[in-house]
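K.L.:
Chains as they are written, first to last, in numbering that gives the first Met the number 0: chain A, 0 to 293; chain B, 0 to 293; chain C, 0 to 293; chain D, 0 to 293.
Simulated from the structure, these hints should not be mistaken for laboratory data. Among these hints, one or two may not hold up.
The following label-pair restraints were derived from C-beta to C-beta distances [to be verified]:
#1 Leu-250/C <-> Thr-178/B: 29 to 37 Å
#2 Glu-172/D <-> Gln-113/C: 52 to 60 Å
#3 Thr-257/C <-> Glu-214/B: 18 to 26 Å
#4 Val-90/D <-> Asp-225/C: 28 to 36 Å
#5 Pro-83/B <-> Asp-225/A: 50 to 58 Å
#6 Glu-214/D <-> Asp-225/A: 23 to 31 Å
#7 Gly-130/C <-> Ser-278/B: 40 to 48 Å
#8 Glu-253/B <-> Gly-262/D: 38 to 46 Å
Only a predicted model underlies this, so the values are computations on that prediction, with no experimental measurement involved. Every residue gets a Cβ at the ideal spot worked out from N, C-alpha and C, and that includes glycine.
Number of protein chains: 4
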Amino acid sequence: MSTTDPGTPGYWPAGHRSAVALAFDVDGPTGDAMLNGSIWRKPSYFALGAYGPHRALPRILDLLDEAGVSATFFTPAWVVETWPEACRTVVERGHEMAHHGYRHERYWDLEPDQQAEVIERSQRIFRDVLGAPAVGFRTPSGDWHPDTPRLLVEAGFTYSSSMRGDDRPYLHEVDGVVTPLVEIPGRWDLDDYASLAYTRNPDYPAGQDRIASYELTLDNWIREFDGSHAEGLCMTTLFHPKVSGKPGRLLLLERFLTHMRSGDDVWFATCREVAEWWSRTAAPVVPQRGGQHV
Amino acid sequence: MSTTDPGTPGYWPAGHRSAVALAFDVDGPTGDAMLNGSIWRKPSYFALGAYGPHRALPRILDLLDEAGVSATFFTPAWVVETWPEACRTVVERGHEMAHHGYRHERYWDLEPDQQAEVIERSQRIFRDVLGAPAVGFRTPSGDWHPDTPRLLVEAGFTYSSSMRGDDRPYLHEVDGVVTPLVEIPGRWDLDDYASLAYTRNPDYPAGQDRIASYELTLDNWIREFDGSHAEGLCMTTLFHPKVSGKPGRLLLLERFLTHMRSGDDVWFATCREVAEWWSRTAAPVVPQRGGQHV
Amino acid sequence: MSTTDPGTPGYWPAGHRSAVALAFDVDGPTGDAMLNGSIWRKPSYFALGAYGPHRALPRILDLLDEAGVSATFFTPAWVVETWPEACRTVVERGHEMAHHGYRHERYWDLEPDQQAEVIERSQRIFRDVLGAPAVGFRTPSGDWHPDTPRLLVEAGFTYSSSMRGDDRPYLHEVDGVVTPLVEIPGRWDLDDYASLAYTRNPDYPAGQDRIASYELTLDNWIREFDGSHAEGLCMTTLFHPKVSGKPGRLLLLERFLTHMRSGDDVWFATCREVAEWWSRTAAPVVPQRGGQHV
Amino acid sequence: MSTTDPGTPGYWPAGHRSAVALAFDVDGPTGDAMLNGSIWRKPSYFALGAYGPHRALPRILDLLDEAGVSATFFTPAWVVETWPEACRTVVERGHEMAHHGYRHERYWDLEPDQQAEVIERSQRIFRDVLGAPAVGFRTPSGDWHPDTPRLLVEAGFTYSSSMRGDDRPYLHEVDGVVTPLVEIPGRWDLDDYASLAYTRNPDYPAGQDRIASYELTLDNWIREFDGSHAEGLCMTTLFHPKVSGKPGRLLLLERFLTHMRSGDDVWFATCREVAEWWSRTAAPVVPQRGGQHV
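Here chain A stands alone, though its shape is the one from the complex:
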């Protein structure tokens, strides 16, 4: 049990100053183009997505092995079905697999029963292929439906990493009542899509913006970590193997890890471990007020 306040320097297990829950979204070729079917007429775009589980994921796993760090892999169940060996390897090498939709659905567009169906179907695949259901969830596309947290609680999830509005974990409320569902908020600033992803037809970014400088992207990430670490917060990432797991970019991740590991006061953990620690030690923290119509 921590003796310091939740989300302040030294609060984390063994008195670590701050927490880092390294996380990757293994989207593969799922997403809007698969949901609307257009990907089946875009072989090049499909291959670009497949590069994630097919080529990039093994590099990421090797890198994490070398660094001795466990991470969380939010993976659409379609990817688990399509590359079962690659996904089983993630678990076997000590990492956590968690939900990210079946085909990277936009949860805010789905009715509650449709969301429940996606969750159930995905859990079934996780059980069949990986041997166990997931306890964690990250909403695809960065937002969700007002009913999603209730559905997650009902389905037995212990945490979500879907929101953007804090730099510490907190507990979700449903109908004004605090639930045991821990939120581990991410940030766009630590999403590699926001700096390095680039495709054409379909275009990403929509305005065909340039790929950012690799060096300056790393510099931004390091500053985000430094700020989070100084305040004793909990930082997670939204990295994607198909974006950052390329030969020319893996070095960025390696240098980022090296920077974060240069002291010995960072607690590297899976999201599941973060959620467990927070549940055990933090007094229920009510999230910021708001959400009701004025």
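Given the structure of chain A, go ahead and fit chains B, C and D onto it with the hints provided.
P.N.:
Same frame as chain A, now just chains B, C and D:
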């Protein structure tokens, strides 16, 4: 009374070379998505906005305390209503609270009576929650209606910080007559949205452009200050707590403040103080010709 | 008369290695928003444009005086009408004023007689306000109508600086016949809009892209000059006072000028002087084939 | 015959660690604006495209001569027809000319018989102007039709460089059967359009994003090479003479080449040579699973 010409080196109180009116727009979750209601189905986006008054504002206030600098906080009255304690703290710690719409309305889309209604409603909330009405106004979304300056004069405001077309204060005209309403023009170059803001669903920037390099953003800001200082001008900022008040970015503000304070010839003031000095010392300066249809 | 081949090192007057025709587009508030009338309801946007002739132009002129360099100012005649003193000063200080539409029209959208009307009206204003008609023309918005070169020849212009397809001057053809109209092609790479312009409502860039790093923008410009100088070419710029003539950006222009003047083998000239030299010394160079429908 | 595994360090001829198939797309003015006819009313835009074969291509060829490197030039047959001398020079100086559509068609928009027609027409032009048909193909616009690989096999092509989903060559399947058609996948990260191309009217990028820093673009490219070289992979480029063959940018290519040639263990080859080596030495590698509708 200054003995030098308005807006030239040394004109400012006690012979300071130039003026800096540090200013923050505390938008919180107000804006287009609240005006059209979509934010109530986007919990993640709401939380990102709430991060401003909830988490980032206290950091900004601490930073300003350390630097010994007073600033102006343009705040939609909905935010004042929703986070009254946080907003009262701003005043208690010696800063100025000023108008920024009720829910960040686009003033150029509103009829004059609708604008007057937003202003009155906001003044009422300022009086109720903060104990005094505002004397300053910054138009949300960067432009306003041709009748807005008249409405501000009628409502007793002493200054606006809404325009982009000069680097010194000037007096607004209404129907060709110079009024006492001082304009303290801002610039897009010193708006952190233009470099660091990034959201998805809704997307900002519209083209999903990259987050700029933090280091190069600071470098640009420093050059803007250096140029303004060299010419003895008045510089204000359009910073947003939810954008720049994050752990990894606060250091930018700190370094920017350190740079500006490295000499002792900058007058740091609230916009209110700048307007008062300009009103007392500057001969009415007619703004650049134009505005009439040719 | 030059003894070396046109557009090769040493071809230029007095054996200068390369030519630089520094040029500014003094658009002021003209452009699409004035053509469609929306600017008259956007006072902030109007003021941003007015900043060019009102505040930025004098700085540019001082900078050029210090450097001892003459430049060309492509200026919509509406700006000449609206700020006549500022525009007369440009001529009095030894620079060239040239055409850029009346209100920054898109020439490819205009019928030939409409284009002729804009040209005549503008020449009348140039004669009335500046005492002489222009001999040079730069098409607003970067392209023109297939009939525009014919209209320019008929109206007595000696040069245009409108195209993007070469890095040396060349002579325009009309109906397959080479004319005396010299083209001094510009390039997007040396248009400060492409790196530093930023407005909101209306948005520029359309995707709300970031303002580029000032330092890296200068670095790009310097490389463009270095490449042009090495090959003995003719470089012109598409700089805008309202974009680059701000206090924090003027230093970029100063450093760019300092770099270009660090050797003594650059011929700085107005576009008019470049066109005269080219007409006198270069054998008619037929532009690249193409333009006909296949 | 290589004694190491395909696509690992040392696999390439004479034990070279990795392969680089430098490639340029000589689009000239072909592309969407030519396909829809709008380019014939945009002389400036046409000239910008013509700059590629007219002015930039000779610089690229000189640079490659100095470096002693052969490259592949994917060239729409319309460009071959319009600048036959320039294209013959490419072949005479030891480089490979290959297909890139007739007018840069979007293959995924064409029916199979239309694609076959474009291929046949282009082969006829290649034979007539260059003396031999092409054996290689790069799809314009980055993707193709599901039937395209079959059409290429039937037309006798030995390789394609059209996909984005791997960093080693592989063999294409048609109807589930591995064919002899070698794929040499490119990557958006090594497409100079993604960093340096910039036009207005029509706008590229769509969101009018900034031209990237030349220096940082080179830095990104170098990292991509370093990563590819470390793993012994095969890297190709999507450079465009009209984008990178300008005076101020040629130095980037020169420095990139210098970096890659600084060791002696890179195999520089045309795409044709890479395909031949892969066909002779690599066991058929089945591409990643996928493509079928689930």
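K.L.:
Now look at each hint and say whether the structure bears it out.
P.N.:
Hints versus structure:
1. Leu-250/C <-> Thr-178/B: 29 to 37 Å: About 35 Å separates the Cβ atoms of Leu-250/C and Thr-178/B, which means 29 to 37 Å holds.
2. Glu-172/D <-> Gln-113/C: 52 to 60 Å: holds, 58 Å
3. Thr-257/C <-> Glu-214/B: 18 to 26 Å: 24 Å Cβ-Cβ, so the 18 to 26 Å window holds.
4. Val-90/D <-> Asp-225/C: 28 to 36 Å: Given a distance of about 32 Å, which is inside 28 to 36 Å, the answer is holds.
5. Pro-83/B <-> Asp-225/A: 50 to 58 Å: violated, 33 Å
6. Glu-214/D <-> Asp-225/A: 23 to 31 Å: Since the Cβ atoms of Glu-214/D and Asp-225/A sit about 25 Å apart, the hinted range of 23 to 31 Å holds.
7. Gly-130/C <-> Ser-278/B: 40 to 48 Å: holds, 42 Å
8. Glu-253/B <-> Gly-262/D: 38 to 46 Å: Holds, at about 44 Å.
Violation of the numbered hints given earlier is confined to hint 5; every other hint is satisfied by the structure.
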